Amino acid sequence: MQMTRNEILEKLKEILLSADEAAGDSIHLVTERTGLQSDLGLSSVNMLYMIIATEEVFGIRFDEVGTNDFKTVGDVVSYIEGKL
Amino acid sequence: MKWEPTACKAGDMVRIRLGGLYHYGIFVSEDEVIQFGLPPTAENRAAEGEVKVIATDIDTFACGCIVETAVPDRSERRRRLSPDKTVGRARARLGEGGYNIIHNNCEHFVNECVFGEAHCSQADDVRKRWLNRPICDVYLAVTPDSVSDEGIFPEKRRRELNAVSDPALRTEGLFGWRLLAHAAKRSFGTDLEHAGIRKKLGGRWVSDSFFFSVCSLNGITAVAVSNAEVEVRLDSAGKGAVRVLREPRATVCVDGKHSAAAKYFWYENDSSTLMGGKLFE
Numbered sequence: 001m002q003m004t005r006n007e008i009l010e011k012l013k014e015i016l017l018s019a020d021e022a023a024g025d026s027i028h029l030v031t032e033r034t035g036l037q038s039d040l041g042l043s044s045v046n047m048l049y050m051i052i053a054t055e056e057v058f059g060i061r062f063d064e065v066g067t068n069d070f071k072t073v074g075d076v077v078s079y080i081e082g083k084l
Numbered sequence: 001m002k003w004e005p006t007a008c009k010a011g012d013m014v015r016i017r018l019g020g021l022y023h024y025g026i027f028v029s030e031d032e033v034i035q036f037g038l039p040p041t042a043e044n045r046a047a048e049g050e051v052k053v054i055a056t057d058i059d060t061f062a063c064g065c066i067v068e069t070a071v072p073d074r075s076e077r078r079r080r081l082s083p084d085k086t087v088g089r090a091r092a093r094l095g096e097g098g099y100n101i102i103h104n105n106c107e108h109f110v111n112e113c114v115f116g117e118a119h120c121s122q123a124d125d126v127r128k129r130w131l132n133r134p135i136c137d138v139y140l141a142v143t144p145d146s147v148s149d150e151g152i153f154p155e156k157r158r159r160e161l162n163a164v165s166d167p168a169l170r171t172e173g174l175f176g177w178r179l180l181a182h183a184a185k186r187s188f189g190t191d192l193e194h195a196g197i198r199k200k201l202g203g204r205w206v207s208d209s210f211f212f213s214v215c216s217l218n219g220i221t222a223v224a225v226s227n228a229e230v231e232v233r234l235d236s237a238g239k240g241a242v243r244v245l246r247e248p249r250a251t252v253c254v255d256g257k258h259s260a261a262a263k264y265f266w267y268e269n270d271s272s273t274l275m276g277g278k279l280f281e
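In order, the protein sequences belong to chains F and U.
Quick note, the first sequence lines up with residues 1 to 84 if you use the working numbering.
Quick note, the second sequence lines up with residues 1 to 281 if you use the working numbering.
You can take every hint at face value.
Lysine-lysine pairs mimicking DSSO-like chemistry, simulated, CA-CA at most 27 Å apart: (1) K185/U / K11/F; (2) K11/F / K257/U; (3) K11/F / K128/U; (4) K83/F / K128/U; (5) K128/U / K71/F; (6) K83/F / K185/U; (7) K185/U / K257/U; (8) K185/U / K263/U; (9) K257/U / K128/U; (10) K83/F / K52/U; (11) K263/U / K11/F; (12) K239/U / K200/U; (13) K263/U / K71/F.
If you anchor each label on the Cβ, the simulated ranges turn out as follows: (14) T31/F / A42/U: 22 to 30 Å; (15) R79/U / D75/F: 34 to 42 Å; (16) E7/F / R133/U: 18 to 26 Å; (17) N6/F / D145/U: 24 to 32 Å; (18) L169/U / S38/F: 45 to 53 Å; (19) N6/F / K2/U: 46 to 54 Å; (20) D20/F / R79/U: 31 to 39 Å; (21) P248/U / E7/F: 19 to 27 Å; (22) D75/F / D145/U: 37 to 45 Å; (23) S78/F / E281/U: 30 to 38 Å; (24) K200/U / D20/F: 35 to 43 Å; (25) P5/U / S26/F: 38 to 46 Å; (26) S78/F / D270/U: 25 to 33 Å.
FYI, nobody ran anything at the bench for these hints, they're computed from the structure.
What you are looking at is a predicted structure, and each value in this text was computed from that prediction instead of being measured.
Backbone N, C-alpha and C define an ideal beta-carbon position, used for all residues, glycine too.
With the sequences and hints as input, model every part of the structure.
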């Protein structure tokens, strides 16, 4: 599956919105520089949700992934891009 | 399996709750709790390098939280390995790496030591939550002045839309169907050709793969797709969730079981973008 970074980001925003419906009105402000915990305040459960949903949506498997590996939305986009 | 804050014995599974997740270990003694990585507190995350199977004392494991001990039910007691074997398995893995938050974490580790089978109920529950999530996606677009009927599926629908004598209504119908095809692909990953699209006896078009509703009014077209009954209207007459689009101005009303979870997309140039609050009043 060939996707641009922007297409990956769009899909990821949907996942983030599904993880935290309260983020709905600010989802348009999310960029690759947005911090997952520092800006979006993702809890550990929502972080797990994001990773599992990403596996399902993009058909990839997260290997060798710890809780500390993704700081920003862009880190996740890069990881997905590398797996596609 | 029940969990209780009771005294633990060698070979017991123990856990602590950190935020919404649990950290697990195998209790050997007050001085030895074997676990896959330190409890994921902010300090530990910052300090920890590669996550490995380690032994710490009970205080380091607990990091100030209440320690709960597993109380297996009868079937789990039958399946579990002896405490000696459990401790032996845990100790044999000290120093092992390969941690993975989803596929090889602290819960997989303790289950493998106790039952001989790696398993993580937390990841399973989260995956179920994702797979059973409510979907209610609303696609909005400006209705164009003209639309080709090329590629409209099924043929019966194409003929039906082409038979509409009013050109404006025909365009609305064709565009609504095109937008539906886009929504089906984006939200449910399916082409209309594979979505079991058919016309019911009452004249209503339905899909076997998802529920949908199409509406056009005053130059705006809206399509809602959902995994439950859904209806979208471009007025505020109903009881559903109402949002007012700022520019172009339109009232969007979504009615259905999952309307509270509605996500809105703006469609333009054959692609759609998730909309944030700035486009609504």
